[in-house]
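A.B. asks: If you want the building blocks of each chain, they are given just below.
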Amino acid sequence: MTKFIVRRVFWTIPVILVVILLTFGLMRQIKGNPFRTSERAIPAEIQRNLDRKFGLDKPWYEQYARYVKNVATFDLGPSLVLRNRDVNDIVKEHFPRSLELGGLAFLFALVFGIPLGAVSALKANSWLDYAAMFFSNVGFAIPSFLVATLFIYFFVLQFDFGFPTSGWTGWESKVLPVVALGLAPMAAFARLVRGTMLETLQQDYIRTARAKGLRWRRVISLHVLRNSLIPVVTAAGPTLGFLITGSFVIEQIFAIPGVGRYYVTAVQARDYSVVMGLTVLLAVIVIVANLVVDILYGILDPRTRDVRT
Amino acid sequence: MVVDPTQATRRPVDTAAAPAHETAGAPIAQSNLWKDAWRRYLRNRAAVLAGSVFVLLVLYCAIWPFVSPYDPNEVDFALKNQGPNLEHPFGTDNFGRDLFTRTALGGRVSMGIGFGATLVILLIGVAYGSISGFVGGKLDNGMMRFLDTLYGLPYLPFAIIVTAIFGNVTFWTMVVALSIASWFTSARIVRGQVITLKENDYVRAAKAVGARWFRVLARHLLPNTLGVLIIAIFLELPGVILGEAILSFIGLGISPPDASWGQMAQEGRLVYRVAPHIIAVPSIAIATLILCANFIADGLRDALDPRTRET
Amino acid sequence: MALLEVNDLSTHFFTREGEVRAVDGVTFSVERGKTLGIVGESGCGKSVTALSIMGLIPRPPAKIVAGSVVFDGQDLTKLPEKRLEDLRGREIAMIFQDPMTSLNPTLTIGLQITETIRRHYDVSKQDARKKAIELLEEVRVPRAANRLDDYPHRFSGGMRQRVMIAIALSCDPKLLIADEPTTALDVTVQASVLDLLDDLRHEHDMAMIIITHDMGVVAEAADDIVVMYAGQIVEHAGVQELFDRPEHPYTEALLGALPQLEGEGIREGRLTAIPGRPPDLINPPPACRFAPRCPYANENDTCTTHMPELREIRPNHWVRSAHPVSEREGSRLGTEVPV
Numbered sequence: 447m448t449k450f451i452v453r454r455v456f457w458t459i460p461v462i463l464v465v466i467l468l469t470f471g472l473m474r475q476i477k478g479n480p481f482r483t484s485e486r487a488i489p490a491e492i493q494r495n496l497d498r499k500f501g502l503d504k505p506w507y508e509q510y511a512r513y514v515k516n517v518a519t520f521d522l523g524p525s526l527v528l529r530n531r532d533v534n535d536i537v538k539e540h541f542p543r544s545l546e547l548g549g550l551a552f553l554f555a556l557v558f559g560i561p562l563g564a565v566s567a568l569k570a571n572s573w574l575d576y577a578a579m580f581f582s583n584v585g586f587a588i589p590s591f592l593v594a595t596l597f598i599y600f601f602v603l604q605f606d607f608g609f610p611t612s613g614w615t616g617w618e619s620k621v622l623p624v625v626a627l628g629l630a631p632m633a634a635f636a637r638l639v640r641g642t643m644l645e646t647l648q649q650d651y652i653r654t655a656r657a658k659g660l661r662w663r664r665v666i667s668l669h670v671l672r673n674s675l676i677p678v679v680t681a682a683g684p685t686l687g688f689l690i691t692g693s694f695v696i697e698q699i700f701a702i703p704g705v706g707r708y709y710v711t712a713v714q715a716r717d718y719s720v721v722m723g724l725t726v727l728l729a730v731i732v733i734v735a736n737l738v739v740d741i742l743y744g745i746l747d748p749r750t751r752d753v754r755t
Numbered sequence: 283m284v285v286d287p288t289q290a291t292r293r294p295v296d297t298a299a300a301p302a303h304e305t306a307g308a309p310i311a312q313s314n315l316w317k318d319a320w321r322r323y324l325r326n327r328a329a330v331l332a333g334s335v336f337v338l339l340v341l342y343c344a345i346w347p348f349v350s351p352y353d354p355n356e357v358d359f360a361l362k363n364q365g366p367n368l369e370h371p372f373g374t375d376n377f378g379r380d381l382f383t384r385t386a387l388g389g390r391v392s393m394g395i396g397f398g399a400t401l402v403i404l405l406i407g408v409a410y411g412s413i414s415g416f417v418g419g420k421l422d423n424g425m426m427r428f429l430d431t432l433y434g435l436p437y438l439p440f441a442i443i444v445t446a447i448f449g450n451v452t453f454w455t456m457v458v459a460l461s462i463a464s465w466f467t468s469a470r471i472v473r474g475q476v477i478t479l480k481e482n483d484y485v486r487a488a489k490a491v492g493a494r495w496f497r498v499l500a501r502h503l504l505p506n507t508l509g510v511l512i513i514a515i516f517l518e519l520p521g522v523i524l525g526e527a528i529l530s531f532i533g534l535g536i537s538p539p540d541a542s543w544g545q546m547a548q549e550g551r552l553v554y555r556v557a558p559h560i561i562a563v564p565s566i567a568i569a570t571l572i573l574c575a576n577f578i579a580d581g582l583r584d585a586l587d588p589r590t591r592e593t
Numbered sequence: 049m050a051l052l053e054v055n056d057l058s059t060h061f062f063t064r065e066g067e068v069r070a071v072d073g074v075t076f077s078v079e080r081g082k083t084l085g086i087v088g089e090s091g092c093g094k095s096v097t098a099l100s101i102m103g104l105i106p107r108p109p110a111k112i113v114a115g116s117v118v119f120d121g122q123d124l125t126k127l128p129e130k131r132l133e134d135l136r137g138r139e140i141a142m143i144f145q146d147p148m149t150s151l152n153p154t155l156t157i158g159l160q161i162t163e164t165i166r167r168h169y170d171v172s173k174q175d176a177r178k179k180a181i182e183l184l185e186e187v188r189v190p191r192a193a194n195r196l197d198d199y200p201h202r203f204s205g206g207m208r209q210r211v212m213i214a215i216a217l218s219c220d221p222k223l224l225i226a227d228e229p230t231t232a233l234d235v236t237v238q239a240s241v242l243d244l245l246d247d248l249r250h251e252h253d254m255a256m257i258i259i260t261h262d263m264g265v266v267a268e269a270a271d272d273i274v275v276m277y278a279g280q281i282v283e284h285a286g287v288q289e290l291f292d293r294p295e296h297p298y299t300e301a302l303l304g305a306l307p308q309l310e311g312e313g314i315r316e317g318r319l320t321a322i323p324g325r326p327p328d329l330i331n332p333p334p335a336c337r338f339a340p341r342c343p344y345a346n347e348n349d350t351c352t353t354h355m356p357e358l359r360e361i362r363p364n365h366w367v368r369s370a371h372p373v374s375e376r377e378g379s380r381l382g383t384e385v386p387v
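So the protein lines, in turn, are chains A, B and C. Sequential numbering from 447 applies to the first sequence in our numbering. Sequential numbering from 283 applies to the second sequence in our numbering. Sequential numbering from 49 applies to the third sequence in our numbering.
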């Protein structure tokens with residue numbers, strides 16, 4: 447198991463390098479100039495100086511190598527647009543909010559999604575199951591911007607529950623964005639858990655567990671749930687992508703100064719180093735999440751350990 | 283195994299397997315397969331309903347703009363922000379334009395981009411997956427490792443970067459942006475299917491009688507991945523439609539005057555305090571489409587592959 | 049009184065296509081310390097019978113619609129689920145056909161054995177582990193103590209079935225139900241698992257029901273044999289009697305004694321297969337269920353319009369057929385068979 451984890455951890459290094467390279471390559475294709483504010487052209491001399499300052503005059507592989515070196519030392523470089531601001535500062539300021547938003551939404555999705563799916567599966571084809579699955583299917587399909595907007599419209603404008611409509615300060619300001627962001631993953635978890643649990647309940651080893659005389663409660667909590675959670679763990683990776691995508695919308699609607707909102711601003715301002723830095727940051731998060739998922743998977747399902755080591 | 287009496291006693295359908303040497307027998311078995319699948323699909327009430335709604339939605343978007351009594355671009359501030367009523371079943375927008383007509387037009391853009399991107403995703407997926415699965419060995423291993431690497435790419439940021447590369451966002455820009463970081467799963471599915479099929483007797487038989495590799499691939503392997511691909515269309519569509527809507531909503535969608543559902547929602551976002559229906563109408567259209575696609579995918583999966591469900 | 053008495057048991061599956069009479073009026077009993085073999089081809093209801101005894105039929109769609117299962121004086125069909133849980137694994141244990149899927153792949157076999165012990169006895173974890181090692185040694189798993197913390201996928205099929213047997217034996221049950229215990233195993237392993245079962249039955253003084261489609265399996269192990277066909281018992285006799293003087297045409301076929309309709313099988317010296325398939329168990333016609341496949345039945349027979357009763361043709365030899373061997377004209381071999 448330790449061998450498997452070590453190998454898996456080392457494997458993320460080339461993955462991160464390739465992902466940085468791809469991001470780097472794509473970013474270089476973007477035309478337009480961050481220093482060219484409005485119509486006024488910048489004198490060639492100044493342009494050259496600026497290019498030199500940010501290393502843009504070097505061949506691409508040198509720029510890449512330098513960038514990788516910087517990333518390795520947790521230095522994402524200066525902002526091209528905001529003077530005296532490093533990308534690191536921007537990350538430090540905005541990322542914790544996004545992380546909290548995403549983390550809470552993920553927690554919300556787990557805490558409500560798994561029981562909802564489990565109850566649905568255990569009471570399959572009852573009205574409770576139908577209601578839960580109707581809710582899940584609809585919750586999964588509705589775009590988050592409608593959910594967020596409706597939340598504000600009903601819970602703030604129509605019936606004032608005391609939630610603010612913007613910002614990220616007290617807990618009151620966090621409830622609506624977290625639920626709006628977590629709703630779709632929650633629905634996805636519920637559907638997934640229901641499906642895998644129904645499948646697990648059909649397995650021969652569940653019948654064995656019952657034939658041993660185990661209490662129904664233990665059969666469910668140990669044998670059924672444990673095995674049903676394996677697909678949930680593997681789904682956590684895509685869910686993270688879901689949360690990142692959703693956070694772009696939610697941060698905009700609730701005016702939360704997080705990474706997603708800043709990202710859009712940076713793209714529009716052509717602040718490449720910021721876009722680059724934030725993209726790499728998000729990619730690393732996804733990669734690390736996939737790593738954690740694989741390791742958890744190895745713990746939950748002993749069969750995979752033998753195959754891989 | 284619990285004995286399933288329905289299985290045990292049902293008279294097996296006469297599936298006279300084509301003799302191994304007669305590989306031309308495969309298409310006959312195929313047509314039975316599709317007929318069977320269709321019958322199974324029709325038995326799934328949710329899937330049939332979803333399919334019908336889906337077709338209606340497509341027809342509405344395709345036809346209504348021609349039939350509509352309203353000019354979708356005619357501004358009339360006297361009529362602005364009306365809620366749903368008899369004359370305007372979906373109400374009017376901030377410029378007094380008929381939303382029922384504009385939703386159909388927006389649907390054309392959204393679905394056009396959605397199907398376009400899905401097609402691109404599947405094309406890349408088929409190319410990558412079938413080469414990887416068919417050649418196998420080291421190449422397969424390397425290609426799959428590379429695919430693992432790509433799974434680290436966050437979808438939306440990459441889509442945003444692509445729109446930034448092109449600067450002016452058009453239909454095709456959008457298609458590229460939405461497919462660039464979403465073809466990985468379809469490549470995996472195709473590879474898996476090709477590898478499974480490669481082990482089938484009739485493929486082995488075809489190889490044994492000396493069929494060339496591209497013939498085996500084109501005639502035996504790819505046609506048999508068709509079922510999986512049809513399912514994949516409806517699995518990919520929701521993500522792409524939603525992706526387009528989100529890009530448009532955060533202001534990085536295709537340039538006006540073309541309106542997609544996402545852009546309509548963005549416009550509605552500005553006036554949701556006075557007229558919440560303007561954001562609700564296109565969003566519900568998106569939700570309906572996604573809901574239908576999900577149920578259709580479920581139905582197709584059961585119909586085309588009744589035993590093994592994807593886990 | 050016998051340890052287990054199954055009376056007129058009927059278990060039906062309520063499906064969209066209709067009510068499937070998977071088990072239709074089955075009666076038999078098992079004495080303490082004796083072995084009963086239930087034989088029949090797949091889908092004949094033998095597994096459903098076993099699961100009905102255990103109260104493990106999938107509900108829905110299955111339901112016990114009639115009859116009783118009296119074990120040690122109490123009717124299991126009337127017991128509440130909690131009481132049944134106390135009984136399962138403790139008084140009645142069961143092992144299943146496919147050892148590859150019958151153990152939970154994500155839990156160590158040690159846990160899967162000890163959880164059974166700790167469910168039924170109030171013992172410490174350490175004691176349960178000790179007992180588990182003893183059990184694994186008893187079922188002849190090599191290096192038992194080292195293998196307790198292994199996961200099932202590290203075991204071969206035969207070893208897994210031994211683990212299943214160890215679990216079944218862990219609480220010294222009075223009755224062990226073995227549902228096709230060797231079908232999924234390699235031929236070479238089958239014999240050793242069967243020997244093991246037989247040894248353990250004697251040592252633990254258990255009664256056993258062994259379910260199989262293979263006459264060879266029950267020939268050695270069983271005292272009594274029940275032959276099932278299409279949800280019903282068609283023949284029931286002591287093992288010696290049944291093998292020496294089978295009465296039902298279906299039993300004959302299972303024993304490979306039925307004349308072939310086509311000469312091919314005989315010429316090639318192959319074991320005979322029975323032509324045709326078991327009938328649909330949704331609304332079966334009021335006729336002998338074997339009639340469509342029976343070489344002795346023709347359209348004018350009463351058995352194509354009336355269900356033959358299970359009758360005692362000789363003492364302790366019951367048969368359900370209008371054409372038992374002893375009532376047929378002429379000798380079995382050489383008779384022209386009407387097609």
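Certain hints may be false.
Distance condition first, Cα-Cα at most 30 Å in a straight line; then the derived DSS-like pairs of lysine-lysine [to be verified]:
no.	chain 1	residue 1	chain 2	residue 2
1	B	Lys-489	B	Lys-317
2	A	Lys-569	C	Lys-111
3	A	Lys-569	C	Lys-130
4	B	Lys-489	A	Lys-449
5	C	Lys-130	C	Lys-82
6	A	Lys-515	A	Lys-504
7	A	Lys-569	C	Lys-82
Please keep in mind that the hints were generated in silico from the structure rather than gathered at the bench.
A.B. asks: Need the status of pair A:Lys-569, C:Lys-130: alpha-carbon distance at most 30 Å?
C.D. replies: Measuring from Cα to Cα gives roughly 19 Å; hence the hint holds.
A.B. asks: Has the given pair, A:Lys-515 with A:Lys-504, been kept, meaning a C-alpha gap of at most 30 Å?
C.D. replies: OK: A:Lys-515 and A:Lys-504 at ~15 Å, within 30 Å.
A.B. asks: Please verify whether B:Lys-489 and A:Lys-449 have alpha carbons no more than 30 Å apart.
C.D. replies: 41 Å, violated
A.B. asks: Tell me if the straight-line CA distance from C:Lys-130 to C:Lys-82 falls inside 30 Å.
C.D. replies: Measuring from Cα to Cα gives roughly 28 Å; hence the hint holds.
A.B. asks: Given the hint that B:Lys-489 pairs with B:Lys-317, test it: the Cα-Cα distance must not exceed 30 Å.
C.D. replies: Holds: B:Lys-489 and B:Lys-317 sit about 28 Å apart, inside 30 Å.
A.B. asks: Checking one constraint from the list: CA of A:Lys-569 to CA of C:Lys-111, max 30 Å. Satisfied?
C.D. replies: 18 Å, holds
A.B. asks: For the pair supplied as a hint, A:Lys-569 and C:Lys-82, confirm whether the alpha-carbon distance does not exceed 30 Å.
C.D. replies: 41 Å, violated
Hint violations for this structure: numbers 4 and 7, all remaining hints satisfied.
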